[in-house]
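Peer 1: So you can see what is in the structure, the chains are spelled out below.
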Amino acid sequence: MRLSVLKVVARQASSISTTLLGLLAVTFFMGRMLPNDPVLAIVGDLADQSTYDMVHHQLGLDKPLYVQFYLYIRSMLSGDFGNALFTGHRVADDLMKVFPATAELATFAIIIGVGIGVPLGVLAAVYRGSIIDHVARVVGLLGYSSPAFWLGLMGLILFYATLGWVGGPGRLDVAFMDSIETHTGFMTIDALWEGDMDVFWNALSHLVLPGAILGYGSMAYISRMTRSFMLEQMAQEYIVAARVKGLSRWAVIRRHAFRNILVQLVTVIALAYAFLLEGAVLTETVFAWPGFGHYLVAGLLAGDMNAVLACVLIVGIIFIGLNLFTDVLYRLLDPRTR
Amino acid sequence: MSAQNTSLRGWLTADVTTSPWQARIQRTYFGWRRLSSNHLTMFGLAVLLFLVIIALLAPQIAPQGYDEQSLPERLAAPSAAHWFGTDDLGRDVLARMVYGTRVTLMIACLVAVIAAPLGLLIGTASGYFGGWVDTVLMRINDVFLSFPGLILALGFVAALGPGIRNAVIAIALTAWPPIARLARAETLTLRNADYIAAVRIQGASALRIILRHVMPMCLPSVVVRITLNMAGIIITAAGLGFLGLGAQPPMPEWGSMLSSGRAHLSGAWWISAVPGIAIVLTSLAFNLLGDGLRDVLDPRSDS
Numbered sequence: 001m002r003l004s005v006l007k008v009v010a011r012q013a014s015s016i017s018t019t020l021l022g023l024l025a026v027t028f029f030m031g032r033m034l035p036n037d038p039v040l041a042i043v044g045d046l047a048d049q050s051t052y053d054m055v056h057h058q059l060g061l062d063k064p065l066y067v068q069f070y071l072y073i074r075s076m077l078s079g080d081f082g083n084a085l086f087t088g089h090r091v092a093d094d095l096m097k098v099f100p101a102t103a104e105l106a107t108f109a110i111i112i113g114v115g116i117g118v119p120l121g122v123l124a125a126v127y128r129g130s131i132i133d134h135v136a137r138v139v140g141l142l143g144y145s146s147p148a149f150w151l152g153l154m155g156l157i158l159f160y161a162t163l164g165w166v167g168g169p170g171r172l173d174v175a176f177m178d179s180i181e182t183h184t185g186f187m188t189i190d191a192l193w194e195g196d197m198d199v200f201w202n203a204l205s206h207l208v209l210p211g212a213i214l215g216y217g218s219m220a221y222i223s224r225m226t227r228s229f230m231l232e233q234m235a236q237e238y239i240v241a242a243r244v245k246g247l248s249r250w251a252v253i254r255r256h257a258f259r260n261i262l263v264q265l266v267t268v269i270a271l272a273y274a275f276l277l278e279g280a281v282l283t284e285t286v287f288a289w290p291g292f293g294h295y296l297v298a299g300l301l302a303g304d305m306n307a308v309l310a311c312v313l314i315v316g317i318i319f320i321g322l323n324l325f326t327d328v329l330y331r332l333l334d335p336r337t338r
Numbered sequence: 339m340s341a342q343n344t345s346l347r348g349w350l351t352a353d354v355t356t357s358p359w360q361a362r363i364q365r366t367y368f369g370w371r372r373l374s375s376n377h378l379t380m381f382g383l384a385v386l387l388f389l390v391i392i393a394l395l396a397p398q399i400a401p402q403g404y405d406e407q408s409l410p411e412r413l414a415a416p417s418a419a420h421w422f423g424t425d426d427l428g429r430d431v432l433a434r435m436v437y438g439t440r441v442t443l444m445i446a447c448l449v450a451v452i453a454a455p456l457g458l459l460i461g462t463a464s465g466y467f468g469g470w471v472d473t474v475l476m477r478i479n480d481v482f483l484s485f486p487g488l489i490l491a492l493g494f495v496a497a498l499g500p501g502i503r504n505a506v507i508a509i510a511l512t513a514w515p516p517i518a519r520l521a522r523a524e525t526l527t528l529r530n531a532d533y534i535a536a537v538r539i540q541g542a543s544a545l546r547i548i549l550r551h552v553m554p555m556c557l558p559s560v561v562v563r564i565t566l567n568m569a570g571i572i573i574t575a576a577g578l579g580f581l582g583l584g585a586q587p588p589m590p591e592w593g594s595m596l597s598s599g600r601a602h603l604s605g606a607w608w609i610s611a612v613p614g615i616a617i618v619l620t621s622l623a624f625n626l627l628g629d630g631l632r633d634v635l636d637p638r639s640d641s
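These protein sequences, in sequence, are chains A and B. For the first sequence, my numbering begins at 1 and goes up steadily by one. For the second sequence, my numbering begins at 339 and goes up steadily by one.
Take these hints with a grain of salt, some might be off.
Stated by the list, open to error - Over 12 Å on every C-beta distance to chain A, these chain B residues come out as not near it, computed from the model:
id: 1; residue: Asp353
id: 2; residue: Trp359
id: 3; residue: Ala361
id: 4; residue: Arg365
id: 5; residue: Ala393
id: 6; residue: Pro397
id: 7; residue: Gln407
id: 8; residue: Leu427
id: 9; residue: Asp480
id: 10; residue: Phe482
id: 11; residue: Ala497
id: 12; residue: Asp532
id: 13; residue: Arg600
id: 14; residue: Pro613
id: 15; residue: Gly614
Stated by the list, open to error - Taking lysine to aspartate or glutamate and the DMTMM-like style, the derived pairs with C-alpha atoms no more than 25 Å apart in a straight line are:
id: 16; chain 1: A; residue 1: Lys97; chain 2: A; residue 2: Glu237
id: 17; chain 1: A; residue 1: Lys7; chain 2: B; residue 2: Asp472
id: 18; chain 1: A; residue 1: Lys97; chain 2: A; residue 2: Asp196
id: 19; chain 1: A; residue 1: Lys97; chain 2: A; residue 2: Glu181
id: 20; chain 1: A; residue 1: Lys7; chain 2: A; residue 2: Glu237
id: 21; chain 1: A; residue 1: Lys7; chain 2: B; residue 2: Asp480
Derived from the structure by calculation, the hints contain no laboratory data. The C-beta atom is built at its ideal place from N, Cα and C for all residues, glycine as well.
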């Protein structure tokens, strides 16, 4: 068994390295497509020809394209994404700072997505055609059709401005800012670490709304997939056999049908988690959440290609990583794929 | 009149057809009957037809031009004079919504017109030729699939610069890979079919086989997929507009209208609420229509 896993990993590794190379090529050419001259951006249009040539040389733009690409790959793989002009820091440092905020948001969102989506999907499949199936369908369809940034704005109007149930934009009220030390970067966990319950509740009240809205999209996806996996299993003959044997309906669902969809479900959840990164871009913009998406948009609006391309590349790498992870998991957990 | 009706129905449902044309019309008719028996699908279709009519007749329907400002009336609440209120420059929100329908539908159509043929061509070529053509094309496909659509579109817009034309290009570049993958899968099941072998023996070129004999067979599932993807395309386009990277002012795009209401959320909620509802309704309509079409055109796939 271990051997087959190794073989899979080896085959995956070769296919992944080509995909990674392609990924780098895409971001490299995105950087070259720029309509504005990167040299002019540095020296200004009053510089004389010799200054221009010097910067042109320093940026490596006089080298052949394949050498530039090679140098680009080398610096990217060593984690050197250059400097972000709009923050004045190294992009890599910036990313380290903003990622925990997104991770906290995404983790909260996936808990909602799985916690509601999976039971809803199972119930919709078990009671197919009933009112709960229709409710699940409508909730799912609305989740697919609603832009998260609009839901966020409406949520802010209703729950923050009108009802005052949740905290507003940002991760903390201004009064609490910088009041706790950073350990994990997860504001709620850091607050618990320090034992500061005021900060904890404040951080949680800021997290609930963006987390729930981000989680709604993955809930729609997860419940729909759970429903279709369950229906597929419940049409199998072994389910009938287990029922004939005398097991109760829910025992069959829990012990046989549900256990059989677990592997597929993990794949779906991993994918949903990856897609949260996409949803985070707009949700974080609406909620002024200082995470990865917020950073990407700020870089975009400032026209800072170093920051933007690093973000695009990182998301691509996370996607490839999650795909590899689910593939390996599939083979490890599901004996049928061996 | 009624006699003519029965004979028409008789002609449409005859067990034995007398011409290929009649057979084709019959198939369409039966497909339509199945499609129209699903109320939700019909609702989606009705909403989309409604939007198309609004877009076509925008100048006749809109109460005023989309760019007519009236500063004394700025941020006015919905009333008989302004059904959806006015925005921060005193422009009628209803008028801007009506013209915005044109922008949204235009983006959706352009993306479909670019991405569907591109995906079809790459997918069918990949599946038909196999070998290294397949490997190379599918590797490229994998690269594009390894980005979430919005992030890739953001990267392209960053490189190309903001604007509605570049937004369409960026979204189209992210929309073709799933279609190519689908078309390839369909082609793989077809390439060894007897009828393909027959055409090949008759001396048809690879291009002719792909265009005339493989592509038509892939069309139904591609149409279903693109209809379902349309919902995501509209949301992505609205997202780009929301970030200020899509349509530029004063063009009335729903996403950027929504964004312009952010500064007046507590006082003038309608500026953001109305475009949002329109976006939800439009993408819901595409989702419902796509689901219905899938049941009719592509009975193999489930869920």
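Peer 1: Non-interface claim for Asp532/B: all C-beta distances to chain A beyond 12 Å?
Peer 2: 32 Å, holds
Peer 1: Hey, does Gln407/B actually stay past 12 Å from chain A on C-beta?
Peer 2: About 24 Å separates Gln407/B from the closest Cβ of chain A, which puts it past 12 Å; holds.
Peer 1: Would the least Cβ to Cβ distance between Arg600/B and chain A come out above 12 Å?
Peer 2: 7 Å, violated
Peer 1: Beyond 12 Å on every Cβ pair: is that true for Pro613/B relative to chain A?
Peer 2: 8 Å, violated
Peer 1: Straight-line Cα separation of Lys97/A and Asp196/A no greater than 25 Å?
Peer 2: At roughly 22 Å apart (the allowed maximum being 25 Å), Asp196/A and Lys97/A satisfy the hint.
Peer 1: Verify the proposed pairing of Lys97/A with Glu181/A, using a straight-line Cα cut of 25 Å.
Peer 2: Holds, at about 14 Å.
Peer 1: Over 12 Å from every CB of chain A: does Ala393/B meet that, or does the non-interface label fail?
Peer 2: Non-interface label on Ala393/B holds, nearest chain A Cβ at 19 Å vs cutoff 12 Å.
Peer 1: So Pro397/B supposedly isn't at the interface. Is its beta-carbon more than 12 Å from every beta-carbon in chain A?
Peer 2: 27 Å, holds
Peer 1: Please settle this one: Asp480/B was flagged as non-interface, so is its CB more than 12 Å from every CB on chain A?
Peer 2: 5 Å, violated
Peer 1: When you look at the beta carbon of Phe482/B, is every beta carbon of chain A farther off than 12 Å?
Peer 2: Nearest chain A Cβ is 8 Å from Phe482/B, so the label is violated.
Peer 1: Hinted pair, alpha-carbon criterion (25 Å max): Lys97/A, Glu237/A. Please report holds or violated.
Peer 2: It is violated: about 53 Å lies between the C-alpha atoms, which goes past 25 Å.
Peer 1: Hey, Lys7/A versus Glu237/A, does the alpha-carbon distance stay inside 25 Å?
Peer 2: 34 Å, violated
When each numbered hint is compared with the structure, violations occur for hints 9, 10, 11, 13, 14, 15, 16, 20.
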